Amino acid sequence: MRTSIHELWGCARGPVGRLTPPTRLLVGTCVFAACMVVPATTWCGTLLALSVVGTWTAFCRPPLRVVRVTVTLGLVLFLPYFALVPLLSGGTHADSWREAVAVPWTILVRGLCGMLVSMATVASLTASDLREAMVRLPIPRTVTAILLQIVHQTATLFYETKRVAKAMAVRGASGRGATGLRILSSLPQVWLPRVVDRAERVSTAMELRGFCERDSWSFQTLCFQLADYVALALALGVAASALFLRLWGAA
Amino acid sequence: MKIPALSFDQVSVRYEPHGAETLSGISFDVAAGERVALVGLNGSGKTTLLMSAVGLVPHHGEIRVGGTPVSGRTLPQVREQVGFLFNVPEDQLLMPRVIDDVAFGCVRQGLPPSEAAARAMRALDSLAVASLADLPVHHLSHGQKQRVALAGALVRDPPLLLLDEPSAGLDPPGKRSLATLLTGLPAAMLVATHDIEFASRVCSRFLLLEGGRLMLDCPHVDDVLRRWEE
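For the record, the sequence lines run as chains A and B. With the first letter of the first sequence counted as 1, position 233 gets the number 233 in this note's numbering; the numbers rise by one all the way through. With the first letter of the second sequence counted as 1, position 117 gets the number 1117 in this note's numbering; the numbers rise by one all the way through.
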């Protein structure tokens, strides 16, 4: 079965499900931060990033197809930067080539690791889990409300877009080449006003239902277990190691 | 004298400063526990009237909900007394899971999560959609969304219900059971609808809007039908 982008939420089936939602979100954030901080130009740094990302992904266990698509997308996005190496090298010395390769290599490692960590973290949280996690973390309530609505409304808009596409197809607006281009260019005229109109109606409903009034509202009673503390300690350890490698490399 | 659940006194609404009035000189009362249908053709101002009652559109004249005048300062007080159903139900479903969305009103009032969930389940059960409790809201059909949104409006037992096309998208048995449910509630309600059969099952009084004006206020649906036939 195909997994569309919004169905990624909560599709993981790994032991990560035993952790509370705030722990999952925090561990994912720490691992992501570690990947962004780690010096990708050293063997230690690259090894740390790849091993941590591999462990987190295995722990979350998202569907293999999703992992494959994420890796492919990452490679498609970041590998073309290597085409710039001859321009960046500016000479024929080995050092100059090594320095030129380091730039796209860092982009590749950080980009790919960041995408995998984000995907695994998203897969480990359902939309309800995300809300439970965010209301328990010290995040401003407006930011929380807006982020949660973005996630929630994306799914609704996705279905609405599918309905628009089906209606267009049924009414004969389908085809390749020039017809396809014309349809594509007219899509914003059909789609954007609906999105704006919908955003206005949703904000009215949010106002009426008092969506932003209270500091936090939760539907679950969460209890932190030993596993949560261990996972958090490990994640902080990873982030600290990445920072240490970065500072040590700089020194 | 008993305070009306809702009262409009010479209320007018104009969306643009120099544009035409969407509602013009509307006056009526809805007594506590009274069920009133608001009928009219498309664009007659039914939705605008409901929205003005909870301060969602600016108005001239006086609107009172349970004796409280609707103004910027009193909006939280007013809205606490009202259960509102929008005419596009998915607009008001703000939570990813059905049970969470229905329970939201109770949790916001400060009820513990377990009690809020129990009340939400009772509301869902009364609308025969308890089996949907754990589903994501975007997986529901239009009729199911309508019932879930209605459950969210009913869950707090508000003294006034403002329902915009509550029977839209429901199948005939669904309409019948909704009518039975609404007639059993103690709350006052103003039901904007095109569905005359549904309105006549639920309501004991009919307000007819035409071009933003209140043309008829009568106890029999036949008067409305006669007016439409003229």
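None of these hints come from the bench; they were simulated from the model. Just so it is clear, the structure is predicted and the values come from calculations on it, not from any experiment. Check each hint, because a few of them may be wrong.
[Unchecked claim] Stretches of chain B that chain A covers, calculated by requiring three or more beta carbons in the stretch to come under 8 Å of a beta carbon on chain A:
| no. | stretch |
| --- | --- |
| 1 | 1090-1099 |
| 2 | 1187-1198 |
[Said to hold, decoys possible] Distance windows between CB atoms, simulated:
| no. | chain 1 | residue 1 | chain 2 | residue 2 | range |
| --- | --- | --- | --- | --- | --- |
| 3 | B | 1176 | A | 207 | 48 to 58 Å |
| 4 | B | 1109 | A | 107 | 13 to 23 Å |
| 5 | A | 140 | B | 1109 | 19 to 29 Å |
| 6 | B | 1229 | A | 188 | 27 to 37 Å |
| 7 | A | 196 | B | 1019 | 32 to 42 Å |
| 8 | A | 166 | B | 1135 | 37 to 47 Å |
| 9 | A | 191 | B | 1139 | 44 to 54 Å |
| 10 | A | 229 | B | 1074 | 20 to 30 Å |
| 11 | B | 1009 | A | 140 | 39 to 49 Å |
| 12 | A | 195 | B | 1141 | 19 to 29 Å |
| 13 | B | 1186 | A | 73 | 21 to 31 Å |
| 14 | A | 227 | B | 1130 | 53 to 63 Å |
[What the hints assert, rightly or not] The following residues of chain A were derived to be distant from chain B, with all beta-carbon distances above 10 Å:
| no. | residue |
| --- | --- |
| 15 | 20 |
| 16 | 41 |
| 17 | 43 |
| 18 | 48 |
| 19 | 127 |
| 20 | 151 |
| 21 | 155 |
| 22 | 158 |
| 23 | 185 |
| 24 | 186 |
| 25 | 193 |
| 26 | 196 |
| 27 | 202 |
| 28 | 205 |
| 29 | 211 |
| 30 | 228 |
All C-beta atoms, glycine included, are put in the ideal place defined by N, C-alpha and C.
Output the numbers, in ascending order, of every earlier hint that fails for this structure.
Numbers 2, 3, 4, 6, 7, 8, 9, 10, 13, 14, 19, 20, 21, 22, 27, 28 and 29 - these are the hints that the structure violates, sorted from lowest upward.
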